[in-house]
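Engineer: Protein chains in written order, with my numbering: chain A, 1 to 104; chain B, 1 to 98.
Heads up, some of the hints might be wrong.
[As the list claims (entries may be wrong)] Listed below are the simulated DSS-like cross-link pairs for lysine-lysine, each with C-alpha atoms no more than 25 Å apart in a straight line:
#1 A:Lys34 x B:Lys23
#2 B:Lys11 x A:Lys78
#3 B:Lys91 x B:Lys11
#4 A:Lys81 x B:Lys11
#5 B:Lys42 x B:Lys11
#6 B:Lys11 x B:Lys23
#7 B:Lys42 x B:Lys23
[Said to hold, decoys possible] Covered stretches of chain A (chain B as the covering partner; in silico rule of three or more C-beta atoms under 8 Å from a C-beta of chain B):
#8 20-27
#9 53-65
#10 83-92
Bear in mind the hints are in silico, worked out from the structure with no lab data behind them.
What you are looking at is a predicted structure, and each value in this text was computed from that prediction instead of being measured.
Where a beta carbon is used, it is the ideal one built from N, C-alpha and C, also for glycine.
This is what each chain is made of:
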Amino acid sequence: MARDLSLSLQQTTNTVEESLDLIRLSLDERIYVKMRNDLELRGRLHAYDQHLNMILGDVEETVSTIEIDEGTYEEIYKSTKRNIPMLFVWGDGVILVAPPLRVG
Amino acid sequence: MHATLFYSFFKSLVGKDVVVELKNDLSICGTLHSVDQYLNIKLTDISVTDPEKYPHMLSVKNCFIRGSVVHYVQLPADEVDTQLLQDAARKEALQQKQ
């Protein structure tokens, strides 16, 4: 009986119960997305689904690379950025979703 | 109930110009002709956008792209109703929980 009650509550609940619900709280907010191949996105979340397919607006994409200096073998960290006004992102590239990281 | 949020969204964009970026770094600009439940995409009147990263597709006019090889789709911002999308995403998220 307790289970029936909780099932009927679930049909109208707006509470945060699982990790996808945390993403729901970020709709219309700016978020940070870490993706495979050293890609990062920062943009406004407009839509998502359970596969983490997403639509982001006002996106800044950062590609990070490491170049090795041939002589000194030192690692040079470089990043390239570009801006895209509206972007659909395939979920299979997504590693994590978070509020934007604040630096400094 | 299968999630169809983005399928419906892409159907509403048929006829608009988009840029599809594939996982192999190829970027294809074209008119969205159709989409299916797997988000496979058919584009017409295609051209390759990024000059550094293209194979030779000069004679190709239309193409079918398997959804799973797509990395991004760049969309025309003014054709997207963000409020509608957010509401639909909220509804679908609540539906998926059941």
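Engineer: So, for every hint listed, does it hold in this structure?
Structural biologist: Results of checking the hints against the structure:
A distance of roughly 16 Å separates the Cα atoms of Lys34 (chain A) and Lys23 (chain B); the hinted pair therefore holds under the 25 Å criterion. The suggested pairing of Lys11 (chain B) with Lys78 (chain A) is violated, with an alpha-carbon distance near 39 Å, which exceeds 25 Å. Distance check on the hinted pair: Lys91 (chain B) and Lys11 (chain B) sit about 18 Å apart at the alpha-carbon level, within 25 Å; holds. Simply put, Lys81 (chain A) and Lys11 (chain B) have alpha-carbon atoms about 30 Å apart, too far for the 25 Å limit, and the pair is violated.
With a CA separation close to 11 Å, the supplied pair Lys42 (chain B) and Lys11 (chain B) stays within the 25 Å bound. Among the hinted pairs, Lys11 (chain B) with Lys23 (chain B) is consistent with the structure: their alpha-carbon atoms are about 22 Å apart, no more than 25 Å. Distance restraint check for Lys42 (chain B) and Lys23 (chain B): the Cα-Cα separation of roughly 17 Å lies within the 25 Å cut-off, and the hinted pair is therefore satisfied. Chain B is given as covering the segment 20-27 of chain A, and this holds because 5 residues of the stretch bring a CB closer than 8 Å to a CB of that chain, at least three being needed.
With 3 residues bearing a CB less than 8 Å from a CB of chain B, the segment 53-65 of chain A meets the requirement of three and the coverage assertion stands. Restraint check on the segment 83-92 of chain A versus chain B: 8 residues with Cβ-Cβ distances below 8 Å, three needed, restraint holds.
Going through the hint list in order, the structure does not satisfy hints 2, 4.
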